[in-house]
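Trainee: Sequence:
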Amino acid sequence: MIGERFTRAARQTVHEAVVQAERLDSSEIGPEHLALALLDAPVLAEFALPRDEVVDAFAAARRKGGLSDADTEALRGLGIDVDQIVASVERSHGEGALAGAPRRRRRFFGNHLPFTAAAKNTLVRSLVEARELGHGTLGQEHLLLALLAERGLVAEVLEARGVSYTEVRKRVARSPR
Numbered sequence: 001m002i003g004e005r006f007t008r009a010a011r012q013t014v015h016e017a018v019v020q021a022e023r024l025d026s027s028e029i030g031p032e033h034l035a036l037a038l039l040d041a042p043v044l045a046e047f048a049l050p051r052d053e054v055v056d057a058f059a060a061a062r063r064k065g066g067l068s069d070a071d072t073e074a075l076r077g078l079g080i081d082v083d084q085i086v087a088s089v090e091r092s093h094g095e096g097a098l099a100g101a102p103r104r105r106r107r108f109f110g111n112h113l114p115f116t117a118a119a120k121n122t123l124v125r126s127l128v129e130a131r132e133l134g135h136g137t138l139g140q141e142h143l144l145l146a147l148l149a150e151r152g153l154v155a156e157v158l159e160a161r162g163v164s165y166t167e168v169r170k171r172v173a174r175s176p177r
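Residue numbering for the sequence shown follows my numbering, starting at 1 and increasing by one per position.
Accuracy of the hints is not assured; some may be wrong.
With a Cα cut of at most 25 Å, we get these calculated SDA-like pairs of lysine to any residue [as the list claims (entries may be wrong)]:
| # | residue 1 | residue 2 |
| --- | --- | --- |
| 1 | Lys170 | Ala45 |
| 2 | Lys170 | Leu39 |
| 3 | Lys120 | Ala149 |
| 4 | Lys120 | Arg151 |
| 5 | Lys64 | Ala160 |
| 6 | Lys120 | Arg8 |
| 7 | Lys120 | Ala160 |
Calculated from the structure, these hints are not laboratory results.
Let the sequences and hints guide you as you build the complete structure.
Mentor: As structure tokens, this is what we get:
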């Protein structure tokens, strides 16, 4: 099982992703929750990421129905003003209307937030990253590499702030294990 290879820190990161999803009233756990859980991890500390900027970038994307800045720009190139659409929808349906349905407040024994397909893919990809680097356990650095390897919102937000797959991979490969 994949979870058996996780370091204690990686397990804590996955647990913190659940906490982040719950705090944001999400109906499921996505890659952005894993990224938020990694913000204080040693693997990101050396990049001195502005935490508030990252949190705000994910919040802005949620408000736009999950669209990244690149998605928004691509649509703008087609003559579609996403900001105008968001404003119109929010006038009619309230702020955050495109952010997705909030999770049910009431939870019963065994009822937990599911992981999105993208988050599951991130967990599987992190195992691949660990294997490719010859590491016997899966750590926070492998979770970060997996998030950056998948093109999408998380990679875009982190890369815009100087955290690239290539740079993290170099640092992880150089670090003693």
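Trainee: All the hints need checking, so say for each whether the structure fits it.
Mentor: Evaluated hints:
Pair hint lysine 170 plus alanine 45 holds up; C-alpha atoms about 16 Å apart against a cutoff of 25 Å. As the CA atoms of lysine 170 and leucine 39 are separated by approximately 19 Å, the hinted pair is consistent with the 25 Å bound. Our distance criterion of 25 Å between C-alpha atoms is met by lysine 120 and alanine 149, whose separation comes to about 14 Å. As the CA atoms of lysine 120 and arginine 151 are separated by approximately 15 Å, the hinted pair is consistent with the 25 Å bound.
Among the hinted pairs, lysine 64 with alanine 160 is consistent with the structure: their alpha-carbon atoms are about 18 Å apart, no more than 25 Å. Distance hint between lysine 120 and arginine 8 is fulfilled; the C-alpha atoms sit about 19 Å from each other, no more than 25 Å. With a CA separation close to 24 Å, the supplied pair lysine 120 and alanine 160 stays within the 25 Å bound.
Violated hints for the displayed structure: none, as all numbered hints are satisfied.
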